[in-house]
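Put chain B on the given structure of chain A with help from the hints.
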Amino acid sequence: MKKFVIIAIFNILLIKNSFALIEIDITRGNLDPLPIAISPLHVDIKSESYENIKIKNLGEDISKIIENNFRATGLFDPLKKEAFVQKPDIAHLKPRFEDWRLIKAQALVTGKILTVDGKLKVEFRLWDLAAAKEMTALAFTTTPSNWRRVAHIISDKIYERLTGEEGYFDTRIIYVAESGPKNQRIKKLAIMDQDGANTKYLTLGNELVLTPRFNPTNQMVTYMSYFRNMPRVYLLDIETGTQEVVGNFPGMTFAPRFSPDGKKIVMSFAKDGNSDIYTMDLDSRVVERITDHSSIDTSPSFSPDGKFIAFNSDRSGLQQIYVMRSDGSGVKRITFGNGIYGTPVWSPRGDLIAFTKMRKGRFYIGVMRIDGSGERLLTENYYQEAPSWSPNGRVLVFYRETKSGSKGEGFSAKLWSIDITGYNERRLKTESDASDPSWSSLLSK
Amino acid sequence: MLRSLIYSITFHSVLVLLTVLSLPFMLRQPIDLPPIVSVELIQITDKTSIPFAPKARKIIEETKKKEEERLVSEQAPPAAKAKEKPDRIPLPNEKKDEKKLVKKKQNPEEIKPQIRQASEFEKKEIIDTNQIAALIDKAKEEEAVKQKTNDKITQSSKKNSFATGLTLSQEDALRAQIFGCWSVPLGLPYDEDLLVRIKLKLKKDGTIIKSEILDHQRMNKPGQKFYKVLAESALRAVRLCQPLKVPPTGYDKWKDLQLNFNPTEMLKG
Numbered sequence: 001m002k003k004f005v006i007i008a009i010f011n012i013l014l015i016k017n018s019f020a021l022i023e024i025d026i027t028r029g030n031l032d033p034l035p036i037a038i039s040p041l042h043v044d045i046k047s048e049s050y051e052n053i054k055i056k057n058l059g060e061d062i063s064k065i066i067e068n069n070f071r072a073t074g075l076f077d078p079l080k081k082e083a084f085v086q087k088p089d090i091a092h093l094k095p096r097f098e099d100w101r102l103i104k105a106q107a108l109v110t111g112k113i114l115t116v117d118g119k120l121k122v123e124f125r126l127w128d129l130a131a132a133k134e135m136t137a138l139a140f141t142t143t144p145s146n147w148r149r150v151a152h153i154i155s156d157k158i159y160e161r162l163t164g165e166e167g168y169f170d171t172r173i174i175y176v177a178e179s180g181p182k183n184q185r186i187k188k189l190a191i192m193d194q195d196g197a198n199t200k201y202l203t204l205g206n207e208l209v210l211t212p213r214f215n216p217t218n219q220m221v222t223y224m225s226y227f228r229n230m231p232r233v234y235l236l237d238i239e240t241g242t243q244e245v246v247g248n249f250p251g252m253t254f255a256p257r258f259s260p261d262g263k264k265i266v267m268s269f270a271k272d273g274n275s276d277i278y279t280m281d282l283d284s285r286v287v288e289r290i291t292d293h294s295s296i297d298t299s300p301s302f303s304p305d306g307k308f309i310a311f312n313s314d315r316s317g318l319q320q321i322y323v324m325r326s327d328g329s330g331v332k333r334i335t336f337g338n339g340i341y342g343t344p345v346w347s348p349r350g351d352l353i354a355f356t357k358m359r360k361g362r363f364y365i366g367v368m369r370i371d372g373s374g375e376r377l378l379t380e381n382y383y384q385e386a387p388s389w390s391p392n393g394r395v396l397v398f399y400r401e402t403k404s405g406s407k408g409e410g411f412s413a414k415l416w417s418i419d420i421t422g423y424n425e426r427r428l429k430t431e432s433d434a435s436d437p438s439w440s441s442l443l444s445k
Numbered sequence: 001m002l003r004s005l006i007y008s009i010t011f012h013s014v015l016v017l018l019t020v021l022s023l024p025f026m027l028r029q030p031i032d033l034p035p036i037v038s039v040e041l042i043q044i045t046d047k048t049s050i051p052f053a054p055k056a057r058k059i060i061e062e063t064k065k066k067e068e069e070r071l072v073s074e075q076a077p078p079a080a081k082a083k084e085k086p087d088r089i090p091l092p093n094e095k096k097d098e099k100k101l102v103k104k105k106q107n108p109e110e111i112k113p114q115i116r117q118a119s120e121f122e123k124k125e126i127i128d129t130n131q132i133a134a135l136i137d138k139a140k141e142e143e144a145v146k147q148k149t150n151d152k153i154t155q156s157s158k159k160n161s162f163a164t165g166l167t168l169s170q171e172d173a174l175r176a177q178i179f180g181c182w183s184v185p186l187g188l189p190y191d192e193d194l195l196v197r198i199k200l201k202l203k204k205d206g207t208i209i210k211s212e213i214l215d216h217q218r219m220n221k222p223g224q225k226f227y228k229v230l231a232e233s234a235l236r237a238v239r240l241c242q243p244l245k246v247p248p249t250g251y252d253k254w255k256d257l258q259l260n261f262n263p264t265e266m267l268k269g
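As given, the protein sequences belong to chains A and B, one line each in that order. Numbering of the first sequence is given in the numbering used here, commencing with residue 1 and proceeding in unit increments. Numbering of the second sequence is given in the numbering used here, commencing with residue 1 and proceeding in unit increments.
Same shape as in the complex, but just chain A:
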């Protein structure tokens, strides 16, 4: 009995001291850019230069490219190198985490450059400073002239590891480079890295070119140019430089775009004031009519699964955006807002459609869900259009024309990018005026 009483008292005491586990729900966080320290890569090479590339400086240069890429995302805040507390070679072996935490960094990138049999070997490590552990470590071997791409690939890997989504740095943008006065504008096809480096011109500028678009392998480009004074859709192989007219249409063809598998081109064909949407199979050259309506149907864009096509049409009076199955059935209007909608582009993720909207003389770039709901206007200006998605579906690139000169008599066209949240609007560097950008998919995929 005594024993029982003691046990009972003991139990009661235990009950008094034990509590249910406290649970707290954290449903919000901050959207401040993540502070990241990108240490210059340590160069472990005796030779000063190799194939006209100053190997000695590559460590600094690569870290600078990574830094610029990250700053451009708006999601990261690369810290100033002056505040760095450890030499690159020692940091790459084992960082002193507490010292790096002192400068408020949450992640650290270190790296090393070597040459192996005349090739460049670049390795990097990403460190989680709060957890004091390595998050990822990779090494890339390549020809030394490829060092910029290595920097972009490293940026992609770090971005993917820290955000969970694919990066978009090892990509290129094709656009129309413009020069000269408005009535005698010279338009050339140009291609550059997404950070504005390595610009190359693909056409001479004798003919007007418009709306270039990449195919999924980034090897081919389709665009509109003039053939015997008639606007026609062209196909260009970037590597070989060969180009050809697509299809044998008895009228003008325009607004071309590849299907997601790269096997078809979808475009508009206009005759007698009526334009409809057509596809052409690139292997068999079979042309298929997709829409058959007396209205103007144009700007077709495939969904990433290839099952649907978004396009704009004025069949209801004002120009609006429609979605249909890729065989032309089940046409459904998805925009009902005030204003004119155009240039729908399906996101590579498949969840959103980007568009241009015109209302009361202003131009907006926006996104909406694929059923037309949840319209969000990201940016507004005097004239801007032609959005194109980054391969991860997070950023849009578009072009904007602004008046220039003291009286606004001139104008200039530039490329701009904006995050789908509507933040982080920034201008892309181009050598000349630029319009009609198209973002490639990841080159290293």
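Read the hints as simulated data drawn from the structure, not as lab findings. Keep in mind that a hint or two might mislead.
Claimed, not checked - Listed next, with one range per pair, are the computed distances between beta-carbon atoms:
(1) B:L195 with A:A20: 13 to 21 Å
(2) B:E192 with A:D261: 33 to 41 Å
(3) A:R148 with B:G250: 51 to 59 Å
Unchecked claim - Using 30 Å as the maximum straight-line C-alpha spacing, the simulated DSS-like pairs for lysine-lysine come out as follows:
(4) A:K112 with B:K225
(5) A:K104 with B:K210
(6) B:K204 with A:K80
(7) A:K182 with A:K414
(8) A:K64 with A:K429
(9) A:K263 with A:K332
(10) A:K94 with B:K221
(11) A:K200 with A:K182
(12) A:K94 with B:K255
(13) B:K225 with A:K104
(14) A:K133 with B:K245
(15) A:K104 with A:K87
(16) B:K210 with B:K255
(17) A:K119 with A:K87
(18) B:K225 with A:K157
(19) B:K204 with A:K104
(20) A:K133 with B:K255
(21) B:K245 with B:K255
(22) B:K221 with A:K157
What the hints assert, rightly or not - From the structure, some residues in chain A lie toward chain B, with a derived Cβ separation under 7 Å:
(23) E23
(24) D25
(25) T27
(26) R28
(27) N30
(28) L79
(29) V85
(30) G164
(31) E165
(32) I370
Beta carbons are placed, not taken as given, at the ideal position from N, Cα and C, and that holds for glycine.
Same frame as chain A, but now just chain B:
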């Protein structure tokens, strides 16, 4: 017989009437008032009258010093004054300056104010939620201290403390602190089940002895890349927040704590 029947009916009907009238009152839920957010109002004139001219500032600083010295001689502790500064809430002017700097940093060469157009979302950005969170955070902290001294528990917090062992304001202070430390990875999909539960073992001062992700085996499964990123960001937040703002008493109640990180609301934004 009839009489007793009448009595019975009368008494029964009285009982029914009483029940109808009184029971709803008894059943009524206690009014669940939302927690009171106390916001500290600052005399703006005290701070904004400082001119920006360096000369004037010097003079003001000098006079301030003098005042401080005088105060010291009158036995006021100068340490308390010095302490106040870092906690000071930024003034609207200062906030604007900060914003500008950030923009410059993001786009060093180009963005001219006349070209640049603020989107609808950017306009909203002017209300800095972090600052508000910090304000509420601070307010809650004070509230917690006040409640301790007064030992008065409001209806809602009483209910809460019964359920969790922390008062609502204590819980909110902790939550607000972690809100500030957690950099949400924005690339995550909003339509996936992403809930990271972290169990913490705490010291009395709020530092972490042990942190454990409850379903950590999911982190290394293939196809759970997003979960891994989220779990890591949550762990980072907890570690950065150390020491956690825990109440000064009741260590036994909160020495083990579970935090459920759920970004769905933010990602849907």
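Hint check:
1. B:L195 with A:A20: 13 to 21 Å: holds, 19 Å
2. B:E192 with A:D261: 33 to 41 Å: Roughly 27 Å apart at Cβ, these two residues miss the hinted range, so it is violated.
3. A:R148 with B:G250: 51 to 59 Å: About 58 Å separates the Cβ atoms of R148 (chain A) and G250 (chain B), which means 51 to 59 Å holds.
4. A:K112 with B:K225: Since the Cα atoms of K112 (chain A) and K225 (chain B) sit roughly 27 Å apart, the hinted pair holds (cutoff 30 Å).
5. A:K104 with B:K210: Distance ~22 Å between K104 (chain A) and K210 (chain B) Cα, so the pair holds.
6. B:K204 with A:K80: violated, 36 Å
7. A:K182 with A:K414: Within the cut-off at roughly 15 Å; holds.
8. A:K64 with A:K429: Distance of about 16 Å is within 30 Å: holds.
9. A:K263 with A:K332: holds, 25 Å
10. A:K94 with B:K221: Holds - the C-alpha atoms of K221 (chain B) and K94 (chain A) are around 28 Å apart, at most 30 Å.
11. A:K200 with A:K182: holds, 23 Å
12. A:K94 with B:K255: violated, 33 Å
13. B:K225 with A:K104: holds, 26 Å
14. A:K133 with B:K245: holds, 26 Å
15. A:K104 with A:K87: holds, 18 Å
16. B:K210 with B:K255: holds, 11 Å
17. A:K119 with A:K87: With Cα atoms ~25 Å apart, K119 (chain A) and K87 (chain A) stay inside 30 Å; holds.
18. B:K225 with A:K157: The hint holds at about 13 Å.
19. B:K204 with A:K104: holds, 25 Å
20. A:K133 with B:K255: holds, 26 Å
21. B:K245 with B:K255: holds, 12 Å
22. B:K221 with A:K157: holds, 19 Å
23. E23: Interface hint status for E23 (chain A): holds (5 Å vs cutoff 7 Å).
24. D25: Since chain B brings a Cβ to about 5 Å from D25 (chain A), closer than 7 Å, the hint holds.
25. T27: holds, 5 Å
26. R28: holds, 5 Å
27. N30: holds, 5 Å
28. L79: violated, 11 Å
29. V85: This interface hint is violated because 18 Å lies over the 7 Å limit.
30. G164: With a closest approach of 4 Å, the G164 (chain A) hint holds.
31. E165: Check passed: Cβ of E165 (chain A) comes within 3 Å of chain B, closer than 7 Å.
32. I370: It is violated, given that the least Cβ distance between I370 (chain A) and chain B is near 14 Å, above 7 Å.
In summary, the structure is inconsistent with hints 2, 6, 12, 28, 29 and 32 from the numbered list given earlier, while agreeing with the others.
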